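Undergrad: As a plain string of letters, each chain reads:
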Amino acid sequence: MLASSGCELRQAMYNQEKYEPLEASAFFDDGLSFRNQVTGTVARGQMMLDTHYYQGMVDGQLASTLPVTVSQELLERGQERFNIFCSPCHDQTGSGNGMIVKRGLKQPPSFHQQRLRDIPVGHFYDVITNGFGVMYSYASRIPVEDRWAIAAYIKVLQLSQNVEFDQLPAEDQRQLQ
Amino acid sequence: MAQVFPRSANWASKASILAALLIVASILGVVLNINRIDYVSMVGVAIDQPVHFSHKHHVTGMGIDCRYCHTTVEVSAFAGVPPTETCMTCHSQIWTEAPILEPVRASFRDNKAIEWNRVHDLPDFVYFNHSIHVSQGIGCQSCHGQVDQMPLMMKAHTLNMEWCLDCHRDPAQFIRPRDQVFNMNYEYPANQETLGKSLVADYDVQTSQLTNCSICHR
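Line by line, the protein sequences give chains A and B. Note that the numbering used here numbers the first sequence so that position 94 is 94, with each residue one more than the last. Note that the numbering used here numbers the second sequence so that position 58 is 58, with each residue one more than the last.
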């Protein structure tokens with residue numbers, strides 16, 4: 001008896017009366033300990049009034065500027081996040097030949113076509129946030145700041161594939177000649 | 001009255017004392033070591049899941065980064081188990097008829113979470129935090145093993161306290177550069193001893209505190 005009550009006490013410490021992340025709950029009807037936000041409520045930090053930053057829109061139009069300061073750090077962050085979240089389909093150059101496309105997903109348009117070169121940067125933010133065509137929204141997976149970093153990096157990718165010869169650094173010009 | 005035991009029975013009483021000691025010692029040995037047995041710690045045992053998800057296929061085959069699904073591993077204690085939406089990002093288009101994926105589609109249709117079975121479950125009095133380990137140069141692989149080679153998920157290490165302390169006493173053995181944390185094919189260099197020490201210093205790892213009880217227990 002002593003031994004069995006000892007084991008119970010030990011178990012009670014191992015599995016305490018608290019929820020770990022995503023643990024199932026017998027208390028709520030839907031079986032989730034994780035509660036969804038009540039519809040129609042706004043939590044702290046969710047007052048997303050800055051339409052430029054949160055929606056990529058300025059005066060009802062797609063923003064053509066970034067609401068964040070561009071820095072080497074931002075672009076490197078964008079590159080890292082692009083390679084994690086976007087490259088499976090868009091591939092690391094943005095041509096749309098990622099591994100998942102090779103396995104049958106509909107090929108996304110290349111970022112290096114004229115239509116997308118001309119499109120305001122807010123478009124990329126909007127697509128990451130709300131999805132587009134067969135692409136799902138990434139809003140729950142990529143925080144707002146990172147979405148802008150990715151949008152900025154897409155612009156870098158576009159430039160990397162479409163640059164005038166005389167805009168290249170002297171070093172690269174010499175290599176090409 | 002005659003003696004019950006003859007004098008020649010003395011050896012048996014002496015032997016029984018020794019036997020009793022041996023029995024106590026072996027019981028103690030079992031109690032102290034039982035958690036080190038793979039059968040108990042479940043190391044190398046594939047846990048049954050509602051969907052036979054293969055990390056090997058998705059990581060090695062498709063080249064998907066750990067963070068594509070485990071989105072909060074860098075910022076939170078919990079690495080994050082992806083919602084069904086993440087699976088359906090691809091599987092609404094690919095393998096849409098596959099019977100193996102029916103529980104995923106059902107979950108998406110009925111808005112009901114897939115009930116995965118936990119593989120790595122620490123006792124509730126251990127407050128493990130993914131983000132600090134990832135940001136201080138401990139690779140996924142160091143604790144989770146070659147997940148990129150696992151068709152079915154299993155524990156690669158006991159996760160016993162003794163095992164945690166192996167690293168907490170001397171993290172220089174296992175630390176790697178931050179940009180290599182998510183690299184599943186990282187190979188430790190020959191000079192790990194010196195590189196490890198310099199990384200521990202660079203990342204400001206407080207080695208003197210790593211074995212404090214309150215680092216892991218609250």
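Think of the hints as simulated: they come from the structure by calculation, not from any bench. Be aware that one or more of the hints could be misleading.
Said to hold, decoys possible - Listed below are the simulated DSS-like cross-link pairs for lysine-lysine, each with C-alpha atoms no more than 30 Å apart in a straight line:
(1) A/Lys18 x B/Lys155
(2) A/Lys102 x A/Lys155
(3) A/Lys102 x B/Lys14
(4) B/Lys112 x A/Lys18
(5) B/Lys112 x A/Lys106
(6) A/Lys106 x B/Lys155
(7) B/Lys112 x B/Lys155
Unchecked claim - Here are some of the chain A residues that sit facing chain B, going by a computed Cβ distance under 7 Å:
(8) Arg10
(9) Met13
(10) Gln16
(11) Tyr19
(12) Ala26
(13) Gly96
(14) Ile100
(15) Arg103
(16) Gly133
(17) Val134
(18) Tyr136
(19) Val144
Just so it is clear, the structure is predicted and the values come from calculations on it, not from any experiment. Cβ atoms here follow ideal geometry from the backbone N, Cα and C, with glycine treated the same way.
Undergrad: Now, for every hint given, state plainly whether the structure supports it.
TA: Hint-by-hint comparison with the structure:
1. A/Lys18 x B/Lys155: holds (24 Å)
2. A/Lys102 x A/Lys155: OK: A/Lys102 and A/Lys155 at ~24 Å, within 30 Å.
3. A/Lys102 x B/Lys14: violated (77 Å)
4. B/Lys112 x A/Lys18: holds (22 Å)
5. B/Lys112 x A/Lys106: holds (27 Å)
6. A/Lys106 x B/Lys155: With a Cα-Cα distance of about 36 Å, the restraint between A/Lys106 and B/Lys155 is violated, given a limit of 30 Å.
7. B/Lys112 x B/Lys155: Holds, at about 27 Å.
8. Arg10: This hint is violated: A/Arg10 lies away from chain B, its Cβ roughly 9 Å from the closest one there, beyond 7 Å.
9. Met13: holds (6 Å)
10. Gln16: holds (4 Å)
11. Tyr19: Result: violated, 10 Å to nearest chain B Cβ.
12. Ala26: violated (13 Å)
13. Gly96: violated (14 Å)
14. Ile100: Nearest chain B Cβ about 6 Å off; hint holds.
15. Arg103: Hint holds; A/Arg103 Cβ to chain B Cβ min 6 Å, cut 7 Å.
16. Gly133: violated (10 Å)
17. Val134: holds (6 Å)
18. Tyr136: Constraint on A/Tyr136 satisfied, holds at 4 Å.
19. Val144: Constraint on A/Val144 not satisfied, violated at 14 Å.
The structure fails to meet hints 3, 6, 8, 11, 12, 13, 16, 19 from the earlier list, while all remaining hints are met.
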